[in-house]
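Chains as they are written, first to last, in my numbering: chain A, 12 to 318; chain B, 73 to 252.
Treat the hints as calculated values from the structure; they're not laboratory data.
For every residue, glycine included, the Cβ atom is placed at its ideal position computed from N, Cα and C.
Watch out, some of these pointers could steer you wrong.
As the list claims (entries may be wrong) - Looking from chain A toward chain B, a few residues come up when the C-beta cut is under 8 Å (computed):
id, residue
1, Thr25
2, Arg39
3, Gly43
4, Arg48
5, Arg50
6, Ala53
7, Phe54
8, Ala57
9, Glu60
10, Ile64
11, Lys68
12, Lys72
13, Arg74
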Amino acid sequence: MNLEELLASETQTTKSDLSEEDFAKLLRKYKGLLKERGRDKAFWEATNENLKIAYGKLDEKERELARAYAIIQEDLTVGSQVQQALQPKATGKMAAELDIAVYHKQLAEVGGDYYDFFRTKNGDYAIGVFDISGHGVSAALVMTYLKALFTQIMETHVNPEKIVEEVNRSCFGFLRKVKKYATVNFVVFGPNSVTYTCAGGFGMLLRHREPTLFQKRDNFLGLREKPFHQHTLPFEKGDFLVLYTDGIVEAKNAHNEDYTVSRLNRLVSSAAERGVAEVVRICLGDYQGFREKDTDDITFIALQKKA
Amino acid sequence: MSRGGNAEELIVFGATILGFANACINLNIVAGSQATNLISGIEVNGWYPFTRLREIERMVVESYEKCGPIMERAGIEMMSIWYNAGPGKQIIKRGVEFLYFQSGSQGYASVVKGPKDQVGSFNLVEIDEKRGRALIHSTDPFDKDLERGVIIGGLAAPGDLDYIDVNNDEDPHHFRIEFG
Chain A
12 MNLEELLASE TQTTKSDLSE EDFAKLLRKY KGLLKERGRD KAFWEATNEN
62 LKIAYGKLDE KERELARAYA IIQEDLTVGS QVQQALQPKA TGKMAAELDI
112 AVYHKQLAEV GGDYYDFFRT KNGDYAIGVF DISGHGVSAA LVMTYLKALF
162 TQIMETHVNP EKIVEEVNRS CFGFLRKVKK YATVNFVVFG PNSVTYTCAG
212 GFGMLLRHRE PTLFQKRDNF LGLREKPFHQ HTLPFEKGDF LVLYTDGIVE
262 AKNAHNEDYT VSRLNRLVSS AAERGVAEVV RICLGDYQGF REKDTDDITF
312 IALQKKA
Chain B
73 MSRGGNAEEL IVFGATILGF ANACINLNIV AGSQATNLIS GIEVNGWYPF
123 TRLREIERMV VESYEKCGPI MERAGIEMMS IWYNAGPGKQ IIKRGVEFLY
173 FQSGSQGYAS VVKGPKDQVG SFNLVEIDEK RGRALIHSTD PFDKDLERGV
223 IIGGLAAPGD LDYIDVNNDE DPHHFRIEFG
């Protein structure tokens, strides 16, 4: 019986069962296995030690990340407070002539939806509703940039189409460079009319229960260097106006169905006589019952001419 | 990539770099994009600056504080790849033939070229097959733990030896080998 047969056998063997040659081979195998075991042990001990060190480094990285996250979170909190501080309030003639209700919510701490109240150089008041592409800090910073541009350009222009065109001319190169664009719905309120330029976003005027949707012929800011257009509609006591971004109407429910513009406008039409605050409350309630989750910033403004 | 003729700088055969890199990948010493970077642009029959191999060595040394046994295991794995997926089976039939292959640094010279003062040698100095003893002297630029693994792996690859021990504790450049 040779060594391999003995090793395979289930019966107990003794040294005398082996030839001298097989016994020597057995010893070599045993020594070889011991050496191999020693190498394996050294490898696994080193691996184990290295793993411990790696976990230590990972812990340190985690702490670094937590510190960095805390700084970012603090910055975002301040950013959010700055954005809130930038939100306008109607005053003077505007507050006297309009009932206004607003729902404005950013998806993240800071966001790219923005609305503002302006005054033209001939004394008319105006409202701009904007939606900057993307969310978060970059969109918020572009928003601040656009706000400054509008304020500056309104010192020289009064017509919405010229104001928006000039803003687009001024910001076009920059927006292309940072790969951003922005919708703008800009409305100037005359004594008994509104004149608007709608380059994205949504608007609907209700006059004697008859809805008129804003015409959206123009390109977003930062998309093309083309002329913008303005349109004038009568706007007298009792007339109702809503301006909003795509946050509500592009929301989806659990079945992946869109909320749609027509659903929102129907709801506004049916609730308008209950006043601006109720319209916002009803529309928001309907949206919240419909959508599966919030996926975009939302700006929804309802206005009614009261004088 | 060079053709490896009269090398003016230290160059190493692509298969050697790939062998080492793949050994590191097989043993999960490196993974992900690090692993992809190790072998990107390396052709098996090309010749590359020795620094390419040094980069892999450095990566292992920097990643692991206790890297001796890791390098040794990488050397063993490298020779297993050489034997089972490379030309090894055509070159040696028995473990001991791996040692003879190192006579006059012929094995080493087939994978590293360059200026004499840089290339060094990896030479079988003595062998006593009957007693199962051999000595290799190395003055080449490879990591000595990796090289110890290469000798163990080269001897073990054909599977005919029951016992292998390679020791360079006293002098890293002299590998005292026992086998049987």
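Taking the hints in turn, this is what the structure says about them:
Interface restraint check for A:Thr25: the shortest CB-CB distance to chain B comes to about 21 Å, outside 8 Å, so the restraint is violated. Interface hint at A:Arg39: satisfied, since its Cβ lies 4 Å from the closest Cβ of chain B, which is below the 8 Å cut-off. Nearest Cβ of chain B to the Cβ of A:Gly43: about 4 Å, under the 8 Å cut. The hint holds. Interface hint at A:Arg48: violated, since its Cβ lies 12 Å from the closest Cβ of chain B, which is beyond the 8 Å cut-off.
For A:Arg50, the interface hint holds, since its Cβ comes within 8 Å of a Cβ in chain B; the closest pair sits about 7 Å apart. The beta carbon of A:Ala53 comes within 4 Å of a beta carbon in chain B, closer than 8 Å, and the hint placing it at the interface holds. Given hint, A:Phe54 at the interface with chain B, holds; its Cβ is 5 Å from that chain's nearest Cβ, closer than 8 Å. Interface restraint check for A:Ala57: the shortest CB-CB distance to chain B comes to about 4 Å, inside 8 Å, so the restraint holds.
For A:Glu60, the interface hint holds, since its Cβ comes within 8 Å of a Cβ in chain B; the closest pair sits about 5 Å apart. Given the 8 Å rule on beta carbons, the hint for A:Ile64 holds: about 5 Å separates it from the nearest Cβ of chain B. The closest approach between the C-beta of A:Lys68 and any C-beta of chain B is roughly 10 Å, which is over the 8 Å cut-off, so the hint fails. Violation of the interface hint for A:Lys72 is found here, the shortest Cβ-Cβ separation to chain B being roughly 14 Å, above the 8 Å cut-off.
Look at A:Arg74: its Cβ only gets to about 20 Å from chain B, farther than 8 Å, so that hint breaks.
The structure fails hints 1, 4, 11, 12 and 13 (numbered hints given earlier, in ascending order).
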